[in-house]
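**Q** Chain by chain, the residues:
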Amino acid sequence: MEISLALGGGGSKGNAHIGVLRRLEQHGFKVRAIAGTSFGALVTAFYALGYTPDEIEATFSSFDQNKIYGHAPEDEPSFMGIAGGAEWLETRLGGKTFADLKIPCVLTAVDLNSAKEVLLSEGSLLDAVLASAAIPGIFPARRINNMELVDGGTLDPVPVAPARALAPNLPVVAVALNAPMGEPAQSWSLPRPKYVPQSITDRLSKMRYAQAIDVVLRSVDIMNRAVSEYRLEVDKPEILIRPAVSDVETLEQVSIGEIAKRGEDAFDSVLPELMNLFSWQNRLARAVKSWSQS
Amino acid sequence: MDKRIAVALGGGGVKGVSHIGVLRALVRNGFEIEGIGATSMGALIGVLFGLGYSPDEMEQVFHHLKRTGYSGRDKNSEPAFLGLRRFEKFVREFFGRKTFHDLKTPLIITAAEIEHGREVYIREGLLVEALLASVALPGIFPARRMMDMDLVDGGVLNPVPVDAARSLVDAKTPVAAVVLTAPLGVPATMERIVLPRFIPRWLARRIKRLRVVQAIDIFLLSQDMLNRAITKHNLDRSKPDLIIRPDVAHLYTLDTGYVTEIALEGDSAVRRALPDLLKLFPNSATEELRHEPRPA
Numbered sequence: 001m002e003i004s005l006a007l008g009g010g011g012s013k014g015n016a017h018i019g020v021l022r023r024l025e026q027h028g029f030k031v032r033a034i035a036g037t038s039f040g041a042l043v044t045a046f047y048a049l050g051y052t053p054d055e056i057e058a059t060f061s062s063f064d065q066n067k068i069y070g071h072a073p074e075d076e077p078s079f080m081g082i083a084g085g086a087e088w089l090e091t092r093l094g095g096k097t098f099a100d101l102k103i104p105c106v107l108t109a110v111d112l113n114s115a116k117e118v119l120l121s122e123g124s125l126l127d128a129v130l131a132s133a134a135i136p137g138i139f140p141a142r143r144i145n146n147m148e149l150v151d152g153g154t155l156d157p158v159p160v161a162p163a164r165a166l167a168p169n170l171p172v173v174a175v176a177l178n179a180p181m182g183e184p185a186q187s188w189s190l191p192r193p194k195y196v197p198q199s200i201t202d203r204l205s206k207m208r209y210a211q212a213i214d215v216v217l218r219s220v221d222i223m224n225r226a227v228s229e230y231r232l233e234v235d236k237p238e239i240l241i242r243p244a245v246s247d248v249e250t251l252e253q254v255s256i257g258e259i260a261k262r263g264e265d266a267f268d269s270v271l272p273e274l275m276n277l278f279s280w281q282n283r284l285a286r287a288v289k290s291w292s293q294s
Numbered sequence: 001m002d003k004r005i006a007v008a009l010g011g012g013g014v015k016g017v018s019h020i021g022v023l024r025a026l027v028r029n030g031f032e033i034e035g036i037g038a039t040s041m042g043a044l045i046g047v048l049f050g051l052g053y054s055p056d057e058m059e060q061v062f063h064h065l066k067r068t069g070y071s072g073r074d075k076n077s078e079p080a081f082l083g084l085r086r087f088e089k090f091v092r093e094f095f096g097r098k099t100f101h102d103l104k105t106p107l108i109i110t111a112a113e114i115e116h117g118r119e120v121y122i123r124e125g126l127l128v129e130a131l132l133a134s135v136a137l138p139g140i141f142p143a144r145r146m147m148d149m150d151l152v153d154g155g156v157l158n159p160v161p162v163d164a165a166r167s168l169v170d171a172k173t174p175v176a177a178v179v180l181t182a183p184l185g186v187p188a189t190m191e192r193i194v195l196p197r198f199i200p201r202w203l204a205r206r207i208k209r210l211r212v213v214q215a216i217d218i219f220l221l222s223q224d225m226l227n228r229a230i231t232k233h234n235l236d237r238s239k240p241d242l243i244i245r246p247d248v249a250h251l252y253t254l255d256t257g258y259v260t261e262i263a264l265e266g267d268s269a270v271r272r273a274l275p276d277l278l279k280l281f282p283n284s285a286t287e288e289l290r291h292e293p294r295p296a
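Chains as they are written, first to last, in the working numbering: chain X, 1 to 294; chain S, 1 to 296.
FYI, nobody ran anything at the bench for these hints, they're computed from the structure. Treat the hints with care, since some could be wrong.
As the list claims (entries may be wrong) - Pairs of lysine-lysine residues, derived as DSSO-like cross-links and limited to a Cα-Cα distance of at most 30 angstroms, are as follows:
hint: 1; chain 1: S; residue 1: K89; chain 2: X; residue 2: K116
hint: 2; chain 1: S; residue 1: K239; chain 2: X; residue 2: K116
hint: 3; chain 1: S; residue 1: K239; chain 2: X; residue 2: K236
What the hints assert, rightly or not - Rough simulated footprint, nothing fancy, chain X against chain S, three-plus residues with beta-carbon under 8 angstroms:
hint: 4; region: 12 to 21
hint: 5; region: 96 to 109
hint: 6; region: 113 to 119
Glycine included, C-beta positions come from ideal geometry on N, C-alpha and C.
Generate coordinates for the entire structure from the input sequences, incorporating the hints supplied.
**A** Written as structure tokens, this is what we have:
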């Protein structure tokens with residue numbers, strides 16, 4: 001049972017991808033191609049390098065989430081920076097390129113200057129992951145080939161079309177982490193440095209500027225969800241998995257295993273639908289379709 | 001057969017002044033505007049048009065606003081970076097207690113409900129209230145509390161409300177969408193930080209070199225892109241019969257600009273679109289007159 005996979009962005013929510021991958025393996029599905037964006041790109045890179053879902057979970061859990069932020073001297077400007085995370089990733093992905101991957105994959109980013117989606121499929125894996133995960137303004141944009149790249153989720157939160165392009169004859173299983181429209185909009189609390197007491201951050205968040213920023217972030221959230229819905233409507237993945245992670249904030253510190261478990265639960269609820277895709281009738285239909293197109 | 005048409009007037013701050021020229025050119029070319037769906041600055045133009053103001057009078061309104069400015073914060077309003085005190089004062093005085101009933105052209109003003117992310121149609125009540133909700137650029141201007149909802153700029157979810165315009169007319173009447181943002185794939189527009197004029201240039205240069213400011217800049221650029229993506233998807237889905245694109249994408253949303261010149265971009269855009277526009281009316285008045293006498 002072969003599929004192509006599209007792993008969406010969503011920061012900490014993205015740990016749910018690990019659970020989805022684990023269940024796919026347990027049920028004997030073969031992932032023949034993956035497209036990932038943002039946190040989905042991170043999981044994609046590890047999985048395509050040959051890490052098992054359990055190894056990915058253990059690797060991510062070994063990282064101290066307090067150390068992710070910070071600015072490196074040569075970084076592009078950003079509010080939080082991701083120097084700590086980048087340094088840690090370097091120890092895992094440093095020197096690796098797309099040529100080292102065992103599964104064909106693309107990571108998506110967006111070029112700020114041309115306002116186009118960019119598909120990264122060659123060169124340094126680390127650079128590609130960091131570009132794909134560069135939440136605009138929060139993490140530094142990455143320069144690759146004269147492009148100024150930020151989070152691919154900006155224009156396409158779940159890269160279904162790239163996943164289909166990688167394997168046109170396989171069904172696409174998409175994992176979307178954004179809440180569907182109609183659920184309350186989410187702001188994100190930016191992580192609080194340890195030395196700032198809770199009482200002060202509470203007071204800061206009551207300031208009118210902070211509240212104005214809150215309105216901006218909530219409207220960004222609904223815009224992102226709107227784009228996500230439109231793209232899913234147009235690109236129509238064969239199977240859509242939506243882990244219940246709307247309570248998890250993008251930059252929240254989480255228990256990796258707990259979020260991964262939610263990916264498993266979401267997978268279980270679509271399993272009958274997924275099995276049905278591989279009924280002999282549907283296999284035959286796909287075979288006929290690919291034959292008639294070739 | 002008359003050339004009846006519905007228009008969707010999109011948002012875009014000062015770019016919206018070009019709607020004046022679009023409406024002027026449409027009326028001049030014999031089109032009858034049967035309904036307007038509008039958001040943000042498009043909503044202000046829609047209200048002015050519906051109340052019967054001429055294009056010149058509309059331009060005067062914007063000349064006036066350019067002099068007084070729009071912003072200013074108010075102690076009692078919802079939190080916002082700039083606030084809309086001067087604009088609010090002006091529209092309250094100008095439109096007073098006028099309601100949607102006073103409009104000669106049916107109008108739907110759209111806003112976005114921010115809690116659940118829904119597009120909201122406003123079609124009755126005080127025009128002023130609808131306007132202030134529709135122009136509330138999130139965070140920059142205060143959100144409006146209306147009908148138990150927090151409303152912001154309708155452009156957040158649907159920058160060109162084609163479906164709203166279509167809902168006002170019968171199925172045979174074509175809908176033209178007036179789009180003010182650049183398509184995707186075109187380099188980023190000028191949505192970058194603009195500092196107030198009283199800051200001397202040497203200081204402005206230094207401020208712009210600050211890393212925090214550059215980070216905000218990148219955030220705004222990506223916002224602009226997101227907005228263009230949403231525009232594209234909405235247009236793909238709502239399929240207007242025609243898209244009119246005034247050449248204003250390079251203007252900065254919160255600029256005040258050259259009113260007359262921007263309005264003229266609207267006239268030019270209609271002129272460019274006119275051949276396609278006339279194709280929507282295969283038996284338009286001119287043809288009819290030539291071939292058969294018009295029924296009395």
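**Q** In ascending order, which of the hints set out earlier in this document are inconsistent with the structure?
**A** When the structure is compared with the hints, numbers 1, 4, 5 turn out to be violated.
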